[in-house]
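Participant: Residue numbers for the sequence shown, in the working numbering: 1 to 183.
Keep in mind that the hints were calculated from the coordinates and are not lab data.
Glycine included, every Cβ here is placed at the ideal spot set by N, Cα and C.
Check before you lean on any hint, since a few could be wrong.
[Stated by the list, open to error] Quick list of the computed label-pair ranges, beta carbon to beta carbon:
1. VAL120 x GLY83: 19 to 29 Å
2. PRO130 x ALA46: 29 to 39 Å
3. SER79 x GLN100: 24 to 34 Å
4. VAL138 x GLU50: 43 to 53 Å
5. MET128 x GLY59: 30 to 40 Å
6. VAL120 x LYS140: 38 to 48 Å
7. ARG133 x ALA55: 32 to 42 Å
8. HIS118 x SER58: 50 to 60 Å
9. ASP161 x LEU134: 12 to 22 Å
10. GLY44 x GLY83: 19 to 29 Å
11. LEU114 x LYS140: 11 to 21 Å
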Amino acid sequence: MSTRNRIPGARDGGSRAARGVLYVHSAPSALCPHIEWAVGGVLGHAVRLEWTGQAAQSGTYRTEYSWTAEAGTAAAIASALRGWGHLRFEVTEEPTGSGQGATEGARYSYTPDLGIFHSVTGIHGDTMVPEDRLKAAVVKATAGETTLLAEIDRLLGKPWDDELEPFRHAGDGAPVRWLHQVV
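Put together the whole structure using the sequences plus the hints.
Facilitator: This is the structure we're talking about:
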């Protein structure tokens, strides 16, 4: 394939560009260079992040990084970072184009206590819940395993949002624009 159609950071030379943002909400200082290395490995180039103190948890740091690469990169970044203790992050990917070859958007959220959450997002940032997951939620609620409201909250990522919300605010009290930029 010609390099003319390559996307910076694309590993297989695909031509469908995706944009997204990585939000590291809290990471201990010892993890910061490892995060840069892991993200750089996914993107195929060195990444230097600007770290600032995280007011919500003493001794931790936060950063944001906008990226452009092939579709599916958000999943690769989330896979590279998930499971790391004491790390909280979100990574989003915008939907790509329309018509044949278009992709839905994605949101991945991670906390040490809850693990990874993934949702598909539409062109307007709405969380799209697949029919089979809704049906399974109704079955679990009907069987008395849970309530329908609790299952819908889980499908929409509410437990992750509740845990991450205190970390989403910048040190000076200004809210991070995370929902308005990509999702």
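Participant: State for each hint whether it applies.
Facilitator: Here's how the hints hold up against the structure:
{"no.": "1", "hint": "VAL120 x GLY83: 19 to 29 Å", "result": "22 Å, holds"}
{"no.": "2", "hint": "PRO130 x ALA46: 29 to 39 Å", "result": "37 Å, holds"}
{"no.": "3", "hint": "SER79 x GLN100: 24 to 34 Å", "result": "27 Å, holds"}
{"no.": "4", "hint": "VAL138 x GLU50: 43 to 53 Å", "result": "45 Å, holds"}
{"no.": "5", "hint": "MET128 x GLY59: 30 to 40 Å", "result": "37 Å, holds"}
{"no.": "6", "hint": "VAL120 x LYS140: 38 to 48 Å", "result": "21 Å, violated"}
{"no.": "7", "hint": "ARG133 x ALA55: 32 to 42 Å", "result": "35 Å, holds"}
{"no.": "8", "hint": "HIS118 x SER58: 50 to 60 Å", "result": "30 Å, violated"}
{"no.": "9", "hint": "ASP161 x LEU134: 12 to 22 Å", "result": "19 Å, holds"}
{"no.": "10", "hint": "GLY44 x GLY83: 19 to 29 Å", "result": "22 Å, holds"}
{"no.": "11", "hint": "LEU114 x LYS140: 11 to 21 Å", "result": "18 Å, holds"}
Hint check: violations occur at hints 6, 8; the rest are consistent with the structure.
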